[in-house]
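There are 2 protein chains.
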Amino acid sequence: MSIESGVNSGDIKFVSLAESVFERIENDILSGKYKKGETFTESRLSELFGVSRTPIREAIRKLEQENLIKVTTKGVEILGVSPGDIEDIYEIRGRIEGLAAKKCAGIITSEDLKKLEEIVDLQDFYTQKGLHEKIRDTDSAFHEMIYSICGSNVYSSVLSNLHHRILKYRKMSIQNPERARRAVIEHREICEALAARDGELADKLTVQHICNARDNIMRNFSE
Amino acid sequence: MSIESGVNSGDIKFVSLAESVFERIENDILSGKYKKGETFTESRLSELFGVSRTPIREAIRKLEQENLIKVTTKGVEILGVSPGDIEDIYEIRGRIEGLAAKKCAGIITSEDLKKLEEIVDLQDFYTQKGLHEKIRDTDSAFHEMIYSICGSNVYSSVLSNLHHRILKYRKMSIQNPERARRAVIEHREICEALAARDGELADKLTVQHICNARDNIMRNFSE
DNA sequence: ATCTGTGTTATTGTATACAATTATACAAGT
DNA sequence: ACTTGTATAATTGTATACAATAACACAGAT
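Heads up: the protein sequence lines correspond to chains E and F, in order.
Residues 1 to 223 in my numbering are what the first sequence spells out, letter by letter.
Residues 224 to 446 in my numbering are what the second sequence spells out, letter by letter.
Honestly, I wouldn't trust all of these hints.
[Unchecked claim] Far from chain E, by Cβ distances over 12 Å, these chain F residues were calculated:
#1 A241
#2 T262
#3 L271
#4 R318
#5 L322
#6 D335
[What the hints assert, rightly or not] Each computed EDC-like pair below joins lysine to aspartate or glutamate, with the alpha-carbon atoms no more than 20 Å apart:
#7 E:K204 - F:E314
#8 E:K74 - F:E409
#9 E:K70 - F:E246
[As the list claims (entries may be wrong)] Now the stretches of chain E that chain F is said to cover, found in silico as 3 or more residues with beta-carbon under 8 Å:
#10 60-67
#11 86-100
#12 147-158
Calculated from the structure, these hints are not laboratory results.
These figures come from a predicted structure and were not determined experimentally.
We treat Cβ as the ideally placed atom computed from N, Cα and C, and that holds for glycine.
Based on the provided sequences and hints, a complete structural model is requested.
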């Protein structure tokens, strides 16, 4: 995130090379930079990122665990996320993200609510400006915040992982200005339901929101 | 698995130390051997498993990715799976495992079906003998097979991960002989629905099966 | 007594050397 | 032509040495 948004304390956190390499490779895969089937040797990645094989290997283990790569005797093979996976991801999110929203309604604090509304305001602002990357980042922030608030590590990790995996496609989706505007409105409605502590409504609105997002993405594929 | 069950080819697969250490630690955590909050230094794990820190660290990265441990500056802290997580896991499985079964009905082959029935036969056998570990292993095998057959990496990885995490509690559950017998019957019914290619029925039976398993486990907690 | 600074120790993070494994090319035999 | 064996090279797997970082204990000042 940017300077003003992510700073809660002035702490300077040490980030290992292994961790940053992991994040860079993950992002490259999820944003479609590497093609499915492409292979890299550890040495190649090592010189590509300018670090030794040790942190590369640690990053590889994490990517392996996320099913984004496959380790073979010839190197690391990119698996990535196929268009076919997208439908499954939306199917699952459609069934459980509403529940997460319902959980939120019962326990959300006024500070959480304020933060959530600020995120939507920002998303609104970026949508009017047409800044796609920023729109997607605030969109991510909204959903991640819901996952975080809902108070369940299980829901949070499952949903976060699924939402994360469709990075590339969400960016495509949001380039449709009509859909981008609609998404802001839907996020606002979810906020209002949470503010009213109406779990059933938050559930219903979230399910509908995900269904709409799914339809929009699938339209992109058929065009 | 045992010698006779897992052998499809005579291949002797090389398994790295990192991989086997990962599996051993994961199993130790999931079976409740290590308590939540317990910490280990890498050196301690290193001498515990008789290997250098390198494979230990690679195993740690994978466990970290599974949210089973947390790496701190003082060592590796065990997070494990809390009883509170169990309800969430069943809630999610209850919503999506039925869908996976439905997918299976459309594409299952007769070989798959035969294997699945063999698993249930074995589970039946072990249930009559009262061999808890074996019962749980065949129970795992049944569900993992469904995940594998359904033809979706997304469903498979999400469900497999969730199912895997409740290892300890499933063992407890199955020690109730009445529940163990019931589980065999329910598995058979799911098999029959799949054999008849009845997706709706397979869905409904699977959802009910998970609901029953959940109720049984929750009973264990309240007693 | 409490806070603060500093040296020490313990621990994780990284690089590198070496071992083990697997793939590949090529030759020889059938 | 095709298989089979073998040497070679490429790659992953592991151990170890060292660097960076963070925790800790303790002395000294206020």
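Here is what the structure says about each hint:
1. Not every C-beta of chain E lies more than 12 Å from that of F:A241, the closest at about 7 Å, which undercuts listing it as non-interface.
2. The Cβ of F:T262 sits about 19 Å from the closest Cβ of chain E, beyond the 12 Å cut-off, so the non-interface label holds.
3. Taking the minimum C-beta to C-beta distance to chain E, about 19 Å, the non-interface status of F:L271 holds against the 12 Å cut.
4. Distance check for F:R318 against chain E: the nearest CB is about 4 Å away, which does not clear 12 Å, and the non-interface claim fails.
5. Distance check for F:L322 against chain E: the nearest CB is about 7 Å away, which does not clear 12 Å, and the non-interface claim fails.
6. Residue placement check: F:D335 keeps its beta carbon more than 12 Å from all beta carbons of chain E (closest about 20 Å).
7. Of the pairs offered as hints, the one joining E:K204 and F:E314 holds, with about 17 Å between alpha carbons and a cut-off of 20 Å not exceeded.
8. With a CA separation close to 44 Å, the supplied pair E:K74 and F:E409 exceeds the 20 Å bound.
9. Distance restraint check for E:K70 and F:E246: the Cα-Cα separation of roughly 18 Å lies within the 20 Å cut-off, and the hinted pair is therefore satisfied.
10. With 6 residues carrying a beta carbon less than 8 Å from a beta carbon of chain F, the segment 60-67 of chain E meets the three-residue requirement, and the given coverage holds.
11. Look at the segment 86-100 of chain E against chain F: 7 of its residues bring a Cβ nearer than 8 Å to a Cβ of that chain, three or more, so the hint holds.
12. For the segment 147-158 of chain E, the stated coverage by chain F is satisfied: 6 residues place a CB nearer than 8 Å to a CB of that chain, which reaches the threshold of 3.
Taken one by one, the earlier hints fail for this structure at numbers 1, 4, 5 and 8, listed in ascending order.
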